[in-house]
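**Q** Listed below, chain by chain, are the residues.
Number of protein chains: 2
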Amino acid sequence: MREKAHVREVGPRDGLQLVKTIMPSARKLAWCRGMVEAGINEIEVTSFVPPKVIPQFADAEEVASGAAAITGCRPSVLVPNLRGAERAFALDLAQVNYVLSASEEHNLANVRRSTEESLQDFARIVAARDQRAGARIALGAGIATAFGCTISGSVSEAQVVEIAVRLAEMGADEIIVADTVGYGDPGQVRRLMKAVIAAIGRVPVACHFHDTRGLGLANVTAALEAGVRAFDASLAGLGGCPFAPGATGNIDTEDTVFLLEQLGFDTGADIEALIALRGAVESWLPGERFSGAIARAGLPKTYRAPARVAV
Amino acid sequence: MREKAHVREVGPRDGLQLVKTIMPSARKLAWCRGMVEAGINEIEVTSFVPPKVIPQFADAEEVASGAAAITGCRPSVLVPNLRGAERAFALDLAQVNYVLSASEEHNLANVRRSTEESLQDFARIVAARDQRAGARIALGAGIATAFGCTISGSVSEAQVVEIAVRLAEMGADEIIVADTVGYGDPGQVRRLMKAVIAAIGRVPVACHFHDTRGLGLANVTAALEAGVRAFDASLAGLGGCPFAPGATGNIDTEDTVFLLEQLGFDTGADIEALIALRGAVESWLPGERFSGAIARAGLPKTYRAPARVAV
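In the order they appear, the protein sequences are chains A and B. Going by our numbering, the first residue of the first sequence is number 1, and it counts up by one from there. Going by our numbering, the first residue of the second sequence is number 1, and it counts up by one from there.
It is possible that some hints are incorrect.
Given that identical chains are not distinguished, each listed pair holds provided it fits within a single copy or across any two copies.
[What the hints assert, rightly or not] Computed list of lysine-lysine pairs in DSSO-like fashion (alpha-carbon distance at most 30 Å, straight line):
(1) Lys4 x Lys301
(2) Lys4 x Lys194
(3) Lys52 x Lys20
It is worth saying that the hints were derived from the structure and are not from the lab.
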């Protein structure tokens, strides 16, 4: 029995945030269906931001409830505040992910509140979740700019650990530590992730890496060494960063699966199926820049396709 | 005092092997001068193969002796056999690198000899070196396909260790373990490099990684953990692999320096100067595919340019 490692596809959310094309809901859902067929069930499918802010997510309700109806799919959605969380709660999704920035300056720029105010907002989101009737919705809590910030520069590791502990104590079901701008290196990742895991105890931790400066998969390896077993990734490496035009985006899903499988972990994913799906997604997004090595180079002759796990 | 890590530029050799343009000798030497000015003194400048095999290296003598005349430059050259070594020895270079393949099938395809015959050839090269008058020339010995082979598939780790030990015992001054086709993963790299270092004792070990499948810098990180402190890399990620068309080539020099510096090592290199030089090299090679993240994304705000070491 190989140890499991989880890959959450965030392409339909993080990947579509900066592209030129508004992708029709039907294609977003075809993407989700394709992911499930390729063995990746956890998908962050949309963001509950005001459509005026990001028109791409004007169909958030339709995509989220459509994804929830796909057999085997476990969709999550991103929410920036209580109002977004309430829209998401109404749909009875399995998981809702909230995000705040460890960097005060980045949080102010992103949601016009201090990090402390955003923490208070998470307490209100937990309370709103707990007051709901019906099945319990898991709450993920993301810490953006955990490895540095394009506005403030370095971010204190002690502060990231403290925020993680507070989010866990407030009731987060998962802590997602994010290198939003691609500043992290493997030494920093190993150190910070060990400290976070030691501090928050049993709450599961995921990492969200961008490959902006080429260290995305080295950072995954370092996080694995620290004990992390869940990673956000984006098909075809979609994602980008508004502060680094032309740079690569999220770590690429196919490459992340390849790395994890090569290191002996069971992701449940079929890389050939992911490459085929990637081709479709690329054709739906003309003029975008895609990344990812396995889709170009092919799998090595030594790669053993893992036995597929039943959904 | 930070610990030193060595980056050897192999672009003028490995990087130019597959490009469409025959680069004039003067530009190859301008590239070498630029590397030295940017703080990278060790450069594999050419290959002593027959010009009929690779016309790019018809000017091998001119480039090698031109590079040796650059103040501060420590050029090495690649030789595939005794005849190539004798041409190189005539130039009084600081280092000559020989290469054989751990994969029997790859060695037969590459130099039409068994791996054992190539090992015997190295003994003859060492003898020829030792019989020379004049300053001692260092001999590097490269083990290609050490992490797998596109022809034979997997390559036995025990066999790579045995070859490394024999090369070291024969008189190699440096062992260069090469992932020629980009099959290695960080787990394998850490394991094999620990075993090689433990087996060969005091002979320095370098790694030569290709980024074919996106794991190049993760593999550098793993090799560092195993104790490796020297890496081959290529400006703009030039290199390619004839078995993976469109795939990225050698690990990118600028990105490798960035990773090493972020991890606290002193490379002596100036990344901004490398990026400027890369721009010139790109302009000399129309129609080629380049890779590398730092040149696109820029250095993070948190990067501290290390104090330049005097050449």
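**Q** None of the hints should be skipped; say for each whether it holds.
**A** Results of checking the hints against the structure:
Taking the shortest alpha-carbon separations for Lys4 and Lys301, only the intra-copy value of 23 Å comes in at or below 30 Å, while the best inter-copy value is 36 Å. Taking the shortest alpha-carbon separations for Lys4 and Lys194, both the intra-copy value of 19 Å and the inter-copy value of 26 Å come in at or below 30 Å. Proximity of Lys52 and Lys20 under a CA criterion of 30 Å is satisfied intra-copy only: 15 Å inside one chain copy versus 49 Å between copies.
Hint compliance for this structure: no hint is broken.
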